[in-house]
Amino acid sequence: MSANNDIHDVLIIGSGATGSIAALVLAKAGHDVVCLEQGGWIEPGDFAHLHNDWAWRRATSWNPDVNMRSHPDDYPVDSDSSQVLMWNGVGGSTNVYGAIWPRYRPSDFRKGDEHGLQPNWPITYEDIAPHYDRVDLLLGTSGLAGDPAQPPRAPCPTGPLPFTAAAGRLAGAFDALGWHWWPVEAGVVSEAYDGRPGCNGCGMCNGCPRGSMTLNSRSIWPKALAAGARLQTHARVLRIETGADGRATGAIWKNRITGMEERTRARIVIVAANGVGTPRLLLASGNLANSSGMVGRNLLHHTLVAAQIWVDEPVNGQMGYVASLISREFAETDVSRGFVNGFNFNCLTSTPSAGEMTTGWMSGTTAPWGAGHHEWFEKHFGHSIGLFAIGDDLPNPDNRVFLDESRTDEDGVPVIRMHYEPGENDRRMMNYMLDRLEDVGRAAGAFEIALQDYRDANGVYRTPAWHMIGTCRMGADPETSVVNGWHQSWDVPNMFIMDGSVLATGGVVNPTPTISALALRASEHIRDNFADLSGTTRTLAA
Amino acid sequence: MSDSNNRTGIGPQLSAALAALVDELLPGKGDWPSGATLGVQHPVMERIAMHGGEAALDELAAALARIGAPFEGLEVDARVAAVRRLEAEEPARFRWLRNAAYQAYYENPAIVTLIDGRGTPYRLRPHVRGYELPAFDPATQTPTHGRGHWIRTADVRSVDTSGLNLETEITTKWGLQR
Chain A
1 MSANNDIHDV LIIGSGATGS IAALVLAKAG HDVVCLEQGG WIEPGDFAHL HNDWAWRRAT
61 SWNPDVNMRS HPDDYPVDSD SSQVLMWNGV GGSTNVYGAI WPRYRPSDFR KGDEHGLQPN
121 WPITYEDIAP HYDRVDLLLG TSGLAGDPAQ PPRAPCPTGP LPFTAAAGRL AGAFDALGWH
181 WWPVEAGVVS EAYDGRPGCN GCGMCNGCPR GSMTLNSRSI WPKALAAGAR LQTHARVLRI
241 ETGADGRATG AIWKNRITGM EERTRARIVI VAANGVGTPR LLLASGNLAN SSGMVGRNLL
301 HHTLVAAQIW VDEPVNGQMG YVASLISREF AETDVSRGFV NGFNFNCLTS TPSAGEMTTG
361 WMSGTTAPWG AGHHEWFEKH FGHSIGLFAI GDDLPNPDNR VFLDESRTDE DGVPVIRMHY
421 EPGENDRRMM NYMLDRLEDV GRAAGAFEIA LQDYRDANGV YRTPAWHMIG TCRMGADPET
481 SVVNGWHQSW DVPNMFIMDG SVLATGGVVN PTPTISALAL RASEHIRDNF ADLSGTTRTL
541 AA
Chain B
543 MSDSNNRTGI GPQLSAALAA LVDELLPGKG DWPSGATLGV QHPVMERIAM HGGEAALDEL
603 AAALARIGAP FEGLEVDARV AAVRRLEAEE PARFRWLRNA AYQAYYENPA IVTLIDGRGT
663 PYRLRPHVRG YELPAFDPAT QTPTHGRGHW IRTADVRSVD TSGLNLETEI TTKWGLQR
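The listed protein sequences derive, respectively, from chains A and B. In terms of this note's numbering, the first sequence has 515 at position 515, counting the first letter as 1, and numbering is strictly consecutive. To convert, count from 1 in the second sequence and add 542; that's this note's numbering.
Hints may be right or wrong, so weigh each one.
Claimed, not checked - In silico contact screen, one side only, chain A against chain B (beta carbon under 8 Å); selected entries:
#	residue
1	N52
2	R105
3	H115
4	P151
5	G159
6	N200
7	T333
8	V340
9	G370
10	H374
11	W376
12	E424
13	N425
14	L434
15	F447
16	L451
The hints are simulated quantities; they were obtained by calculation from the structure and are not laboratory data. We put the beta carbon where it would ideally sit given N, CA and C, even for glycine.
Between the sequences and the hints, there should be enough to build the whole structure, so can you do that?
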């Protein structure tokens, strides 16, 4: 064991979307901040994008599914259902995400009042609204203010991305149906912003080595490091340590370069390791912060189904940002549909890859081999549009991540397992969503519509789970939640959880904007109350 | 496990058999060259080796031998029937090979150029130069439909869920089976 006796102000575990923001806020305030990251820096050449075989790499070495690639920075995640999409390295999953950037709605925070099948959050939309705007300024979000289906917002720092032919085709379909649509907000700068070049429309939106897409290793970490934060890469945290008073004292981690175990001590510990990594670490730290029994439980992914449509006129969806429009027509609960909660349509352009088009992008529809192949390609490539329907799934304590005590990884940490199965409300919603996707396809004049339910041959729902949330949820009651409204552990008062695991409900949107806004809010709270929080022995309801 | 002597010659044989398979998957037609003309079998073979090592090459050689590749002397119908047999009898292997062949074909610079030349903008490495797209025009592209609503925090009301019967009315047919 290698250790020094320094006690840092703040230890952050994880350098992704939230850990980077916390490092920036707290280092700028003059705090002594250390961040431990199990992976390394991702260099531009490491991305698939700059290689001729980029499409092949997207399916192999650059696959966002940890179980479909072989990368030394990863840890094993054994899922019996979901595809586990994440990246371990500086910037976390922002290295591979698509950066669709919509916000929650006020009702997302009040599902307890609305129907009681989900909890209320201990905070409201209004509590984080200013932080949404300020995160957008930090990251250069592109989009168009004024959506009548959302609360008013400040103008986006960069304007909407180009309105593609696919967007135009879908807008016409939504107009014909009388449904809402709006240009999508994106974590992508549409013009030069803060030293980053504007999007060049390459369409390869799973990470972005040029940095037009918000990549926290480029947009946040340089500022955090300049402010004095220290980032230790290749540092896999094995467990969080606590003292006799129940407060966190720091962490034991493996230096993956030297192989040595090291100890880092801090007055405040922030866990920002995502909805799988955070519960994994807490459970592996002697069931830490889990008096509620909720650590790892209530895993949410969103209800997700999809459609791929092909239209006669070329829409050239291989060009432009991956998403085009969002439709919030069905975002609120209407029990006449047969279920609670709502969903959005995240409308895409298409795959940027001709190869991916032929091998089953989105819907699994593949080009025929043999004599008809080229005719199929001419008819389909450049004519495809993708659509997701993404809804608010209900929590179920049996949907969870948990340790397999019978197996350990190479560092001696029990292997994390994941189980997720949609419930009755979720299944009803997905049926309804698929019907509505067909409506959109027909209204768009598609000559072919292929639906995707993400069920395998055995009927198991294997959703591409970018969104691994809810596993350390926020609440007002220590009996049923893991952290309070300021992300502070009920059980370990100087430990804060800042990632998707704290989301009490999933909303009907991609969660990173909300996770980022929450991280900014919580980091500023720590900054502004550091003296009290670093010495407190009691967590109060927020 | 084959020793190195026994594996002598497997490279050329496998390459020829794979080339024959690739040409059945991606035959030439009009402007479109066949897969083997472009040498698609070479990256496919390399990726098989990367994916599964030498053992995977041996297994593939055996699988292709079982269907008679490289199909010398066979008419079109017989070649197609042989590939269909592989597709039916070893679906996972076939899917992998087909997808690898398709990907290798469409990442070939000659095919990228062909697609682009036919009027569908397409780049070998799109990220490097991107695509020219007109900027969003606020005057003509801002939605004017006025549709959409949201509920204020103070206006969230309890909905009546008594008719949903989520505990008793179970949906057994869902997704594509609905």
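Hints versus structure:
1. N52: holds (6 Å)
2. R105: holds (5 Å)
3. H115: holds (5 Å)
4. P151: At 6 Å from the nearest chain B Cβ, P151 (chain A) passes the 8 Å test, so the hint holds.
5. G159: Hint holds; G159 (chain A) Cβ to chain B Cβ min 6 Å, cut 8 Å.
6. N200: holds (3 Å)
7. T333: For T333 (chain A), the interface hint holds, since the closest Cβ of chain B sits about 6 Å away, which is under 8 Å.
8. V340: Nearest chain B Cβ about 6 Å off; hint holds.
9. G370: Given a least distance of 6 Å, the restraint on G370 (chain A) holds.
10. H374: holds (4 Å)
11. W376: violated (11 Å)
12. E424: holds (5 Å)
13. N425: Cβ of N425 (chain A) sits 6 Å from chain B, so the hint holds.
14. L434: holds (7 Å)
15. F447: Constraint on F447 (chain A) not satisfied, violated at 17 Å.
16. L451: holds (6 Å)
In terms of the numbered hints stated before, the structure departs from hints 11 and 15, listed from lowest to highest.
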